[in-house]
Structures are given as structure tokens and as C-alpha cells.
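Spelled out from the first residue to the last, the chains are:
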Amino acid sequence: MTDLQIDTNGRLRHLLTLDGLGRERINALLDRAAQLRAGFRGGASSPRLLEGRTVVNLFFESSTRTRTSFELAARRLGAIVVNFDIANSSTSKGESLEDTLATLEAMDSDAFIVRHKENGTPARLAAHARKAAILNAGDGNHAHPTQGLLDLLTIRDHKNRIDGLKVVICGDIKHSRVARSDIHGLSALGVGEIHLCGPAALLPAANEFPHCQVDEDFDAALSAADVVIMLRLQKERMESLSGIRETDYFARYGLSHTRLARARSDALVMHPGPMNRGIEIAPDVADGPQSVILDQVANGIFVRMAVLAELLGR
Amino acid sequence: MTDLQIDTNGRLRHLLTLDGLGRERINALLDRAAQLRAGFRGGASSPRLLEGRTVVNLFFESSTRTRTSFELAARRLGAIVVNFDIANSSTSKGESLEDTLATLEAMDSDAFIVRHKENGTPARLAAHARKAAILNAGDGNHAHPTQGLLDLLTIRDHKNRIDGLKVVICGDIKHSRVARSDIHGLSALGVGEIHLCGPAALLPAANEFPHCQVDEDFDAALSAADVVIMLRLQKERMESLSGIRETDYFARYGLSHTRLARARSDALVMHPGPMNRGIEIAPDVADGPQSVILDQVANGIFVRMAVLAELLGR
Amino acid sequence: MTDLQIDTNGRLRHLLTLDGLGRERINALLDRAAQLRAGFRGGASSPRLLEGRTVVNLFFESSTRTRTSFELAARRLGAIVVNFDIANSSTSKGESLEDTLATLEAMDSDAFIVRHKENGTPARLAAHARKAAILNAGDGNHAHPTQGLLDLLTIRDHKNRIDGLKVVICGDIKHSRVARSDIHGLSALGVGEIHLCGPAALLPAANEFPHCQVDEDFDAALSAADVVIMLRLQKERMESLSGIRETDYFARYGLSHTRLARARSDALVMHPGPMNRGIEIAPDVADGPQSVILDQVANGIFVRMAVLAELLGR
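As you go down the protein sequences, you meet chains A, B and C in turn.
In this text, residue positions in the first sequence follow this note's numbering: the first is 1056, and each later residue adds one.
In this text, residue positions in the second sequence follow this note's numbering: the first is 1056, and each later residue adds one.
In this text, residue positions in the third sequence follow this note's numbering: the first is 1056, and each later residue adds one.
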């Protein structure tokens, strides 16, 4: 995968996964995001780095939140953004995904933001793209690299480092692309320990993350944690797979105020959103002083600007 | 409500209703709209007063007409406009409206244009907004303040005043936010008389508008009227509530050429659109010399520009 | 129809059909498209010829491909583009199409891109437009003039002429607006011969195109052809009208490598997209060295820019 996303001159060509991207490249993206943020917060107009470029949102799974974040990132840098309407598109008339890509690329589109329920679709498109860049906005349970980057930036902002931190990720790890991109990014930047918690049925295969600790006991894992990342629970999946009822889930895996007290007193509370308040996280924790959930959202724009600038900037 | 929309420095912070907004503030908005219109009509490019600002359309009820008007107003002033797709959004995945607002605001959105079927939703969001401005684009039967402003501007253009005019509003007053915002705006600017006409079942409670005359007899009310505002009739509602059939409705409450002759010869004919031709208004009246219906549409853009400039302009 | 699209000063006022537009005017549009393309390909930013202008996409039939092409063309020239959401619009609430047009025109919209399943809808709107330009993006089986222009430009690029060429169009000619606009455009520019091929049930009436040769035998028609234009087959229509099964269709009317060898060795292969690979065209032909299908897509943007510039440029 890494080969596909780096060109022969060593430049980032697509962003498909953080897996194998490397510490230096990830830090450079985070630095650029922080720099763009400083400019924006300082009231400067954003640099028109994407003036004259065209960015196409290709969301085969709907996600207004992520799509809007990419759209704002691209437009604030001056790009033209087209939201390709999959439901009414040629793809729905039987055209292959590769032909749809080729057609839109022939219209001089410079980048495609792709979300798809199947693992590997962005990579498949990257293999077919002639010149355009492919940005993975989430594929199956495989990767969501810009979410990984925004989580890294948020942690770095508050902790000034990733090295040596203890991070706990709790919820449906098995089906989560967010968890996977967080794990890849945190590992690349030298995190201390990663604990993956959740009901047995929602935990990953034992050998998928040999350097992570996988545990059903959330309380134990929280001890001395620096960062707690709660994942969104899909209710349908929870009941069918884990056999746990909604109310029981919160009792065992919900982040309450009491439970949070087991972590370090300055532990960060994170969530990729949208939240199920009262299911995986208590409202007072979501809105409490340790929550950096809205910082994550804000940083999402800036890491996406940084990635687009890196991929398309002349 | 007024307190929520005016900040402690006396500046307009949100636009939720014309009720209590006051003559001076309303006139200032109308003046600004007229000034922006003069510039645009004179061929000047619109001032980029919203350059670098982000405006989000949050339409929980679909209304292409109003949404497009706000979108054009914002974009002609240089804003980035995002049409938030409610049907596919996190809100539809169970996220609270407040969390959706907080998320979009964290993406540095500056204003939200809100339409919702429930009274008070824009005010509820205004109470939660940290910095962003909320513009009510219609909530339940409560208010539609920019429609009120565009109606005022249209009348002022043609009559050079609001003071002392006789205005008749006819149709489903009870369920109409347009009627309410018109009544608030006209009253603030010193209108002479307001007559509210329609079938008994579609009239407001007797004490809701003590300064208006409420009447089932449209013909009597029209006598010497300066302005006749016809409301769109929702057919489903008409039949179920008033027991009146479509054809009978036009006979009693439709604005025909003959009936219009009861008003002053220079009376204005207005309608917020979309029209049901032949139900509440005769085609030849809608297209006749006294109709200012398309002026209303045109002014809609300019009052929305004025409100956005007032709320977001630096 | 021609009268409607040319104003009294002889200027192009709307683009409804290529029928009767004339060689000089068509060549001028192709030249302008080629010039805009040269600038864009040379890396220059596109001229902001539509700065301050508003273009509305009014697609009553969904077509993401064509709509996106028009949208990019308009936005790259600096226009504001609004995608009018028909499904949620006043038109769907019973407003007449003419009222919808008048309303959007009152919002100072400068051009409407119209696609509709009924022949003549764009002309009907052109007859009602006060100042705005109407661009036909496909009406029924009547016309699709920008598709005709992009096909002409693509052929001219590769053959340096249209005069004297032999062009074969194959598929459902009867229901195809693409075929009609191609025939009108090619004829205006002095094409040599046009052969129309397909199953009898999908061929046009014998007298509709007296100057074309109409034939069920595709193999015979291909002999010495310079250009082969394959049309998309609508599967439902094929089976119900022609009684031919999908697999049999390819055997008789699909463009295979073997069959293409009957044409000139430098014959161009064209298709308006989206393609049904394996039904009307073999994958290796679609992707082969004679295929200019992606050139057609690319040229679509530039001919639409040229038409918009011609209609709206000051």
C-alpha cells in the first residue's frame, strides 16, 4: 500500500493509510496543519494553494460530517469542490467505478475524496488514476487516515508529544477504521502503550496488533492512561454480535465520570463522533474539562488542508 | 426572544424574529438592502463583505426557493456556503441537534441558516451557539423574518412608506409564519390597519393579534386596501380543517380581478410563493400590473445580503 | 427553433439545438473551445469571463456526468453555480415550470442549464425567459447540442476536418438526442456520409434524415468508416422494443476488435457514455488506441465553457 501512495521521487501521491507512512512524513503533515491553523486563527485569509484545482467528493457511504470537513478544507484553500451524487450517477446505471473515475479525471479533476464500505476501494482507484490524487476518507474497517492525523494533532497539541503516552481505545475495535488509523499513527510516532478494550466479540483478532494490549476489562486498562479514545457504537451491531444490551454496555464500557477518574487526572477524552450520549460516553464527560472532542473536529479541517496542500500544491 | 438576538453591545447577534426588533433596526436593514441592490443593479460587483466566512444551510424542512435565495445572497458577498444534507447527516443517526451545531461550529462556520417545522428551533440553537449567528429561515408557524423584511422592502419601494397603509392578509393565517413576520414588521413600521382574512378554521386565536382586524369576509376587508398579501394554501390542510373544497375556496377567498377592484386602484398584490394559481390567486392577477410578486423574490436576495452583512461583516 | 436561439442582432441568445445553427457559428464555438483548452492546458488560470454571473442547473432528469461537466465549465470561468434540487422544489409542490423559471430569474440568475425528458422543454422555457439564457442539456430524443459540439471538436482535433468524412452511428438512434445533435452538427460542417445502424425497431423513421443512410447491417456500414459513434443501449428498451437479448445484441451491434477492423485503420471510436461494456462496445475497443472517448469527456468542459462565454460573456 505504501508503494502506491509514494511516488518514485519519494513524494506523497495519494493518502490511503497511515500504515507505513513513517514518522517524518506524518510529523511534516501535522506541522503543516498546525501552521495553516495558526494563520487562520490569526485572522489571515488562507493561502490559495488550491486555486484552479478541482476536488471531487466521491462518497459511496454517506457521511455529511467528514464530507463537509473535506469540502471546507478544499474550498478555504481556493479549490472548486464537486459533490458527486452517487445515488443519481452513472455508477448507479451500471458504469464501473474505474470508468466513473476515468470520466471525472478526464474533466481535469485533481483529487478524489473517497469513502466506501469495502476495504481497499481507494487503493483500487489509486491504482487506476492517471494523475489525480486519491484521499481515503474511510474504507470498510481498513483505514481513515485523516481521522488518524487529526487525533494525533489533537493529542500533540495537549501533551506536546506522542512518545511514551499510554492510550486506551474502547469500543468496537474490530469494525473500526478509526481505531486502525489511530493505532498506525500512534505507533509511528512512538506511543508508549496502546490498550484496546471492548466486548470479546468486538475485539480484533489476537495477532492483528501484536504490539497492543487487547483486553475486555476497561476499568483495568484505564489505569494511568494519558488518552482515552471512545468509539461510536453501532447499536445494531452491538446487540447482534456481542449479545450485550444497550444499558449493560454503558455499565461495562461507557466512559462515566467515575470510570474516567481511573485514568490520569489530565487524561484526554476523545471521540470521532457522532456520539451516542449515554451509550458509550456520559454527557458530562463528553462536555467536561478533559474532553477535546470539538478540538478534534476543528483539527480535522486543518489536517485535511495540509494533506490537500501536500498532494496538490504546486 | 429579542434578548437572544441582540448582544450586550446592542448589536444584532442572530435574526430569529421581527417581533420586538424595533423600527430603527428594521429600517437600517431595509436601507442596507436597498443600497446593496443599487450597487448590484448598477453593474458593480457586490462587495466581498463575507470573504473567508462560512455559511451553513441547515434546512430540516426542504425549501429550494428560500435556500437558494440565502445561498445566492451569501455567495455573492463572497462567503463559502455549505448545504448540510440533513437526510444523510449525523442528526439522522441519532446525534442531537445541539451536537450537530457544535460540530459544524467547531469547523469554524460563521452562520447557520435554519428552517425547521418546530417553533423555536432557531432560538434553541441560538442559545447554544458559541460564536456563530443563527438566521431563522422559517420555524413552524412562528416566524420567517427575512420574508417579513422582503415584504416590507417591496411595499416601501412602491408606496414610499409603511405608515398609515391598509394591508389585507388573506389565507391560512393560523399556520402561517409569513403572516406573523409580516404583522410584526408592518406593526413596527407604523402600518395603519391590518386585516386578517380566511375561513374561520384558518384564522388565528382572537387574542393573538389584538391590533389586527380578523374577518371571514374577504370582500369587505379589501375595501380601500393599499396592499393585499395572499398566502399559499396547503390543499391537504384546507380540506381537512376548513371543510372547504378547492373550487369553493377560490370563490370565497381567491384573489380575482373583480375582487381586486374593491381595493385601491394602486393596491399592490403580493404572494410569498410558490403560488397555487386558480386556488388562492387568479393567473391574470398574479401576472397583472399590480402584482409585485417577482419584486418580492428579487428583494429576498438583497434583504438576506443585508442581514448576513450586518451579522457577519467585520 | 433557430429564431428563438438567435436574437435580432444576430447574437446567440440560447442554445437549444444545432439544427439550423449554421457552419460559421458552430465553427466559432469550436474555435473558442479550443482556445480555452489551450489556455487551460498551458497552465494559465481560466479567464474569469463569468465573474459575478449566476448559472442554475435545472435537471429534471438526473445526469451527474453532464451536470458536473456544466458545473465545472461555469465555475472555472468564475460563475456561481446553483444546483436546483428539483425533487424538493416548488415545482414538485405544484408550481408551474414557468413560475419556477420566473422566480429563479427574479433572483438575477443569468443562465439555466435544462435537462428534461420531454422534447421542447428548453425551448418552452426560452420563450418565457426575460433575460436569462437557456442551455439545452438534453431534451427527450430531440437534441443535446453541447454533446454534438464536443463530438465535432473531438473529430476535428483528430481528423483536422469534418468535410467528406464517413461517420457511422450505431445503436438506439430512434430515441437518441445525441445522434440527432451529431447528425445536425456533422451535416452543418459538410460531413461526407452518415450511416445510421441498429435493429429495425430502434431506427428512426425513414424520412426523418433523408441525407443519411439507414441500415440494419452494421458490418456493411463500417466499411471505410472514418468515425464510429456507439450509443449507450438502455437495456429495458432494447428487450421490449427490439426483442433482441443482450448477448445477441453484442453479436450483431457491439463494436468488437474484429468488427472495428472493417473501418479505416485510423477510424475513431466514440461513445457519449456511460458505457455498457460488453453490450454495445468491447472493453478492449473502449480502451484501445482508436478510442477517443475520454477526449470527448475532456472536450465537453471546453465546449460548455465556450457556449457559456458566448451567451453570458460581457
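Treat the hints loosely; a few may be bogus.
[To be verified] Derived EDC-like pairs (lysine to aspartate or glutamate); straight-line CA-CA distance at most 16 Å:
1) A:LYS1290 / A:ASP1270
2) B:LYS1148 / A:GLU1116
3) C:LYS1290 / A:GLU1173
4) C:LYS1290 / C:GLU1301
5) C:LYS1148 / B:ASP1270
6) A:LYS1186 / A:GLU1150
7) B:LYS1229 / B:GLU1150
8) C:LYS1214 / C:ASP1074
9) B:LYS1214 / B:GLU1116
10) B:LYS1229 / B:ASP1165
11) A:LYS1290 / B:ASP1350
12) A:LYS1148 / C:GLU1150
13) B:LYS1290 / C:GLU1116
It should be emphasised that the hints constitute simulated quantities derived from the structure, not laboratory data.
The structure displayed is predicted, hence computed values, not measured ones.
Cross-check of the supplied hints:
| no. | hint | result |
| --- | --- | --- |
| 1 | A:LYS1290 / A:ASP1270 | violated (21 Å) |
| 2 | B:LYS1148 / A:GLU1116 | holds (13 Å) |
| 3 | C:LYS1290 / A:GLU1173 | violated (28 Å) |
| 4 | C:LYS1290 / C:GLU1301 | holds (7 Å) |
| 5 | C:LYS1148 / B:ASP1270 | violated (28 Å) |
| 6 | A:LYS1186 / A:GLU1150 | violated (21 Å) |
| 7 | B:LYS1229 / B:GLU1150 | violated (32 Å) |
| 8 | C:LYS1214 / C:ASP1074 | violated (23 Å) |
| 9 | B:LYS1214 / B:GLU1116 | violated (34 Å) |
| 10 | B:LYS1229 / B:ASP1165 | violated (34 Å) |
| 11 | A:LYS1290 / B:ASP1350 | violated (51 Å) |
| 12 | A:LYS1148 / C:GLU1150 | violated (30 Å) |
| 13 | B:LYS1290 / C:GLU1116 | violated (27 Å) |
When the structure is compared with the earlier hints, violations turn up for hints 1, 3, 5, 6, 7, 8, 9, 10, 11, 12, 13 and for no others.
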